[in-house]
Amino acid sequence: MGDLPRSRNFKKKLHSCFGKIEVSKTHVLAPVNSDFGITARLQHLMCLIGQKEVFEEGSETFKELLQIDVSDNQIKRVSEHYGKVLDPLIKANCEEVIPKLITKEESEYTYSMFDGSMLLTRDKGWKEIKLGRICTESHHIDIQPTKSIILKSIFVSHLGRRKDFFLKLERFLTATKHLVSYRGWGKMDMELGRR
Amino acid sequence: MAKNQIKAAILNSFKDELEIWLETESSFTSGYDYETAYTKIIQ
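Protein chains in written order, with the numbering used here: chain A, 1 to 195; chain B, 1001 to 1043.
Take the hints with a grain of salt, since some may be wrong.
[To be verified] Using C-beta positions, here's what the derived DEER-type ranges look like:
1. B/Asp1016 x A/Lys163: 29 to 35 Å
2. A/Asp115 x B/Lys1007: 56 to 62 Å
3. B/Thr1029 x A/Val85: 44 to 50 Å
[As the list claims (entries may be wrong)] Facing chain A, from chain B, some residues (calculated, C-beta under 10 Å):
4. Asn1004
5. Gln1005
6. Ser1013
7. Phe1014
8. Glu1019
9. Glu1023
10. Gly1031
11. Tyr1032
12. Glu1035
13. Thr1036
14. Thr1039
Calculated directly from the structure, the hints in this document are not laboratory data. A quick note: this is a predicted structure, and the numbers were derived from the prediction, not measured. Don't be surprised by glycine CBs; every beta carbon is placed ideally from N, CA and C.
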């Protein structure tokens, strides 16, 4: 891509959204995280797909959509790298990286539901895992007389103790005036669908 | 349709986008923006 120098010392091989490319070290695409040799945009897409699918399926999605070979291991490495970078920021309550719950009116109802189970992890054996979902009344839309959908919601996940999970969950709920909370996934869906 | 006519038609179909790209390519300072813009052009 661009003018390519002859010497190996002045060029770089990269994984990009167009497949494997070779660029000059002075090219705008070149300054990427040297641990990966992957362009910034492809790293972004890997994180996006790594969140939505299991890594193996993500590899197939890249092949299907962009016709490029990206291994499940590469998606895992990049996703986990940025996950680790974000963890301390989330713990420190850094507002820029925490999604916001948008309410139309102060008085509107906020719904939260949460549940948990035990998960067998590779390195630490069985661990508690918790997942919560929060949405507001205005994002809950009736699409049929007996059916409704939630357009926007925030998921809160935590691998570890219940106490730490509630601290994460609470930060979205402190400004809420009317809160309806459900323990267990099915209950909130049933209640909202019944209205 | 002759091969040359097909080639010319294909080139003509993205002539404007290509011109814009060639003019703006050197102005990108972010690799992310560069790749995003290039992806749009080749699509």
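For this session: Hint by hint, work out which the structure violates, then give me just those numbers in ascending order.
Result: Violated hints: 1, 3, 4, 5, 6, 7, 8 and 9; rest satisfied.
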